[in-house]
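> Using the sequences and the accompanying hints, generate a full structural model.
These protein sequence lines map, in sequence, to chains Z and X.
The first sequence runs 1 to 202 under the working numbering.
The second sequence runs 1 to 765 under the working numbering.
Keep in mind that the hints are not guaranteed to be accurate.
[Stated by the list, open to error] Among chain Z residues calculated to face chain X with C-beta under 8 Å, some are:
| no. | residue |
| --- | --- |
| 1 | Gln41 |
| 2 | Val45 |
| 3 | Ser54 |
| 4 | Trp68 |
| 5 | Thr70 |
| 6 | Pro73 |
| 7 | Thr149 |
| 8 | Gly150 |
| 9 | Arg175 |
| 10 | Ile181 |
| 11 | Phe183 |
| 12 | Lys185 |
[What the hints assert, rightly or not] Computed Cβ-Cβ distance ranges for the label pairs, DEER-style:
| no. | chain 1 | residue 1 | chain 2 | residue 2 | range |
| --- | --- | --- | --- | --- | --- |
| 13 | Z | Ala30 | X | Gly225 | 34 to 40 Å |
| 14 | X | Thr103 | Z | Pro190 | 48 to 54 Å |
| 15 | Z | Gln72 | X | Ala545 | 18 to 24 Å |
| 16 | X | Asp71 | Z | Val135 | 31 to 37 Å |
| 17 | Z | Ala75 | X | Ala164 | 32 to 38 Å |
| 18 | Z | Val180 | X | Arg577 | 53 to 59 Å |
| 19 | X | His453 | Z | Val135 | 57 to 63 Å |
| 20 | X | Pro594 | Z | Tyr96 | 35 to 41 Å |
| 21 | Z | Val135 | X | Glu220 | 46 to 52 Å |
By construction, these hints were calculated from the structure, which means they are not laboratory data.
By construction, the Cβ of each residue, glycine as well, lies at the ideal position given by its N, Cα and C atoms.
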Amino acid sequence: MKRVLLLVALLWGAAASARDVVSQVRERLADVPLLRGDFEQKKTVSGFKKPLVSRGAFLLSREQGVLWDTKQPFASTLTLTRKSLSAEQGTGAAAYHLDASKEPGLAAVNEVMFALLSGDVKALAKRFKVDGELVGAEGWKLTLTPTDTGLQRVFRSIHLEGDKYVRRVQLEEARGDSSVILFDKLSQTPPPSDAEAGRLAK
Amino acid sequence: MRNKAAILWLLVVLSVGAHQVWFWRSARLDTDVLALLPEDEQAPEVGAATRKLADQAGRELVMLVGAEDWDSAQRAADVVKAELSRDDSPLKASALDASALDTALDLYRPYRDRLLTSSQREWLSKASPEELGGTALMKLYQPAGPRLTDWEADPLGLWPDWWAARAAESTARPRDGRLWLSGEGREWVLLAWHSQVSAFALGDEGNITSAVARARAAMEAQVPGSRMVSAGVPLYAEAAASQASSEMSTIGIGSLAAVLLLVWLTFRSVRPIVLVGVSLALGCAVALSVTALVFERVHLLTLVFGSSLVGVAEDYGFHYFAARQGKPPSERWPLMRGLLPGMVLALATSVVAYLALGVAPFPGLRQMALFSATGLVAAFLTVACWFPLLDTGELPVTSFATRFAASLSRWPRFTHTPAWWVGTAALGLFVVGGLWRLGTRDDVRQLQNAPAHLISDQRELGRLLGLPSPAQFFLVGGDDSEQVLEREAALKAKLDPLVAQKVLTGYRAVSDWLPSAARQRADAELSARAEAQAVSAVAQATGEAPTRARFSDDVLTPERLLSSPASAAIRPQWLGRLGDSQFSIVMLRGLNDPSVLPRVADVAQGLEGVRWVDKTREISSLLERYRELMGGLIVLGYVAVLLLLVARFRRQAWRAWVPTVLGTLVTLACFGWAGEPLQLFTVLGLMLLLGMGVDYGIFMLEHPGDDSAWLAVALAGVSTLLSFGLLGLSATPALRSFGLTMLLGEVTIWVLTPCCRLPSGKDVS
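Take a look at the structure:
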């Protein structure tokens with residue numbers, strides 16, 4: 001009897017449309033105004049035999065932006081707000097700054113970054129075709145294919161996995177490079193420090 | 001002999017008829033204001049530049065569809081797109097999509113290493129190896145970003161910046177598969193269209209305009225609060241065509257009706273109406289055919305102007321019938337012979353005056369001059385060759401004609417009485433005061449009559465999109481393309497500070513897309529050195545051995561760039577070879593304040609091969625030059641006409657001359673008192689006044705005491721007034737000013753001419 005029920009449930013799940021999966025994934029995700037944690041990024045780049053591994057910490061504020069601080073193999077910071085994108089190497093030797101008001105395409109990049117990190121599926125569905133499945137009692141997987149020609153130039157596809165939070169992001173770039181980013185020690189506290197708030201206010 | 005002339009004229013008329021059929025089928029009509037303007041005699045390359053810029057825009061239509069938020073704007077754009085993409089639509093969507101960018105990326109990819117922005121050039125030449133290495137590592141380890149190449153082909157990530165600098169030429173950016181921009185409180189979608197029909201084909205008029213209006217209505221109905229701004233030459237052309245055709249019918253049909261009514265009132269007979277009508281129709285048809293044959297295309301304004309011809313060409317018919325009234329049919333031929341000297345002299349002065357319009361090298365004016373002169377000659381020939389032949393019946397004197405003719409005896413005549421001298425002094429004061437107040441204006445806008453909403457849409461679109469101005473630009477010339485590109489670079493270096501000071505928002509130059517060969521080689525060397533350092537730093541840090549990609553051994557040449565579809569936007573600015581030199585145009589964006597023009601113009605100072613072109617100013621100064629020239633010609637014309645009159649009428653010549661001189665002065669005085677400025681087209685009106693005003697005096701002197709001459713003059717005056725008065729209603733400022741000049745001048749001359757008539761019983765001889 002249990003088996004029959006399971007089979008029915010499976011069939012039911014298979015028959016459910018992708019849209020239902022999306023809404024189910026949304027139900028499983030925590031609605032977070034703030035998220036911080038550690039990351040490990042493995043990037044496969046043509047011309048490099050081994051994946052380029054970097055580790056660090058990140059902070060996401062839904063209202064203000066993203067801080068992406070790499071600690072290994074070298075220190076560098078990336079600050080992405082609704083207004084600008086700036087990067088700086090720990091030594092201060094190299095830096096650059098892009099202004100969203102001058103380069104409005106940046107606004108779209110920011111929106112995607114926010115959405116990816118926070119699992120804002122609704123925002124992602126505006127620019128991607130979303131397919132997905134539920135895994136176990138809490139998990140889920142989504143595959144995003146860009147529908148926007150601008151994004152198609154950057155990404156071939158994006159895979160997201162997670163439960164209450166996004167745990168794994170795999171970016172397949174249009175030019176063949178790919179990155180896998182794993183998140184760890186995710187939490188919704190503490191709030192941004194003064195230094196962090198200062199960077200986000202830029 | 002008589003019949004021979006009539007038959008000969010018939011043959012001419014028949015061939016004109018055949019030509020007319022062909023002409024109206026192919027409808028080779030011009031509506032472009034530029035076609036009216038003269039070639040710049042000093043710099044043919046400026047003309048070529050302007051034409052090339054205008055040609056390119058000839059069929060393009062640009063549209064911004066906006067709403068409060070991006071979603072509504074997209075919906076509004078979809079409605080407009082659906083509406084304008086229907087099968088019967090005269091418009092076709094232009095490609096503004098990603099495929100165009102991919103074509104461009106493919107073209108430029110082999111030359112990536114030699115395409116640097118000026119800030120990159122500056123940075124690369126002074127950055128330390130550590131800084132270069134650090135930047136390369138940072139960008140390498142960053143989560144996916146906007147890369148346009150493999151890492152090896154652009155280790156410092158320079159290329160996206162170069163493209164961003166190119167993209168900065170337009171405020172529109174790709175967003176969700178559309179071109180988006182934000183401004184004036186709205187989000188906008190940019191749409192571009194290409195007209196599938198020639199905007200100049202008369203008959204289909206209002207085609208694009210109405211399609212756009214339909215799309216606008218559908219959009220406003222389905223997306224409340226949405227807004228559409230559209231601009232393009234086809235809209236202007238259609239507006240001009242529909243305005244011209246409505247003016248043609250007002251002026252042409254209006255004055256024709258008035259003339260025929262006068263003929264009916266005076267003669268109460270169908271024959272004069274038919275014959276005068278025939279002479280007018282033939283005058284216009286011959287004029288149109290000859291103009292079309294000489295100029296290939298006829299401008300719409302020529303037709304509008306030509307419509308007023310009716311008011312002049314009927315004079316000959318009036319003279320014939322006025323003299324013929326009450327005489328037996330057998331006297332027709334001697335009567336015509338008696339009228340011919342006066343008619344020929346009048347025709348000659350009018351034709352000379354019309355042709356004088358064509359002295360100015362304005363193609364538009366030359367057309368009008370030729371049109372009017374041939375029209376008059378044709379109307380005259382019709383009267384001379386056909387009227388006596390066809391006019392065989394009786395033509396009794398009507399009471400209207402008698403009463404009218406008798407009015408001459410009651411008309412005041414100038415005598416040496418104190419009252420007349422007081423009147424003369426008052427008139428003198430009026431004239432001097434008016435002339436004192438008379439100002440001038442030489443503004444190209446006189447030629448334009450575009451509806452205000454089109455002009456304001458054009459401005460708004462230019463503001464939102466940051467489009468370059470087509471009226472002011474730099475013309476850069478050199479011995480070969482390399483020199484032109486180098487000179488462009490020198491010019492841009494001097495423009496950059498103005499951009500930094502926000503005098504301009506930017507410029508668009510071919511060298512932005514195609515640096516000179518020397519610059520490409522230097523930049524390739526610079527980036528090779530810097531990127532080698534960056535790659536070796538990355539190799540050290542990662543323990544791997546990445547290599548920098550190889551690039552083309554050759555430079556990107558103008559031929560390569562221009563043969564690619566990727567260069568479509570920049571191609572009109574590359575003029576190619578004209579004479580011994582190669583030319584290009586550097587266009588300016590955000591030049592909204594005319595007061596900064598002198599500062600911008602100064603940039604060309606000291607730069608070899610660079611010329612500042614201000615089309616608006618040049619046209620205005622040209623208008624001014626010809627206003628002065630024609631003004632001088634009028635004075636000479638008055639002297640020449642006086643000599644001609646003296647040769648025929650001896651001491652009485654002043655009687656035909658003074659009224660016209662006074663007509664001219666009074667007209668100018670009226671303009672002065674009314675605050676209307678003197679401009680080229682006023683002067684041209686005065687020129688014509690000289691030719692036509694003297695006619696009345698000539699007829700009065702040729703046939704003194706002849707009531708029928710006065711009747712003819714009176715009728716001619718009234719009908720001329722009507723037709724030029726109607727021209728005064730034209731929406732084109734130039735034509736209106738011309739019409740007003742003729743109206744005021746003719747009234748004055750018509751009133752004054754009988755005052756100067758010979759005392760009764762006296763004869764010229």
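> Please go over all the hints and tell whether each is borne out by the structure.
Quick rundown of the hints versus the structure:
1. Gln41: holds (7 Å)
2. Val45: holds (5 Å)
3. Ser54: holds (5 Å)
4. Trp68: Holds - the Cβ of Z:Trp68 comes within 8 Å of chain X, reaching about 7 Å at its closest.
5. Thr70: Hint holds; Z:Thr70 Cβ to chain X Cβ min 6 Å, cut 8 Å.
6. Pro73: Z:Pro73 check passes; min Cβ-Cβ to chain X is 7 Å, inside 8 Å.
7. Thr149: holds (4 Å)
8. Gly150: holds (5 Å)
9. Arg175: Interface hint status for Z:Arg175: holds (6 Å vs cutoff 8 Å).
10. Ile181: Holds, because the Cβ-Cβ distance from Z:Ile181 to chain X comes to roughly 7 Å (cut-off 8 Å).
11. Phe183: violated (12 Å)
12. Lys185: Constraint on Z:Lys185 not satisfied, violated at 18 Å.
13. Z:Ala30 <-> X:Gly225: 34 to 40 Å: Holds - the Cβ-Cβ distance for Z:Ala30 and X:Gly225, about 37 Å, lies within 34 to 40 Å.
14. X:Thr103 <-> Z:Pro190: 48 to 54 Å: Taking Cβ atoms as reference, X:Thr103 and Z:Pro190 lie about 51 Å apart, which means the hint holds.
15. Z:Gln72 <-> X:Ala545: 18 to 24 Å: 22 Å Cβ-Cβ, so the 18 to 24 Å window holds.
16. X:Asp71 <-> Z:Val135: 31 to 37 Å: holds (33 Å)
17. Z:Ala75 <-> X:Ala164: 32 to 38 Å: At roughly 27 Å between Cβ atoms, X:Ala164 and Z:Ala75 fall outside 32 to 38 Å, so the hint is violated.
18. Z:Val180 <-> X:Arg577: 53 to 59 Å: holds (57 Å)
19. X:His453 <-> Z:Val135: 57 to 63 Å: holds (60 Å)
20. X:Pro594 <-> Z:Tyr96: 35 to 41 Å: holds (38 Å)
21. Z:Val135 <-> X:Glu220: 46 to 52 Å: Taking Cβ atoms as reference, Z:Val135 and X:Glu220 lie about 49 Å apart, which means the hint holds.
The structure fails to meet hints 11, 12 and 17 from the earlier list, while all remaining hints are met.
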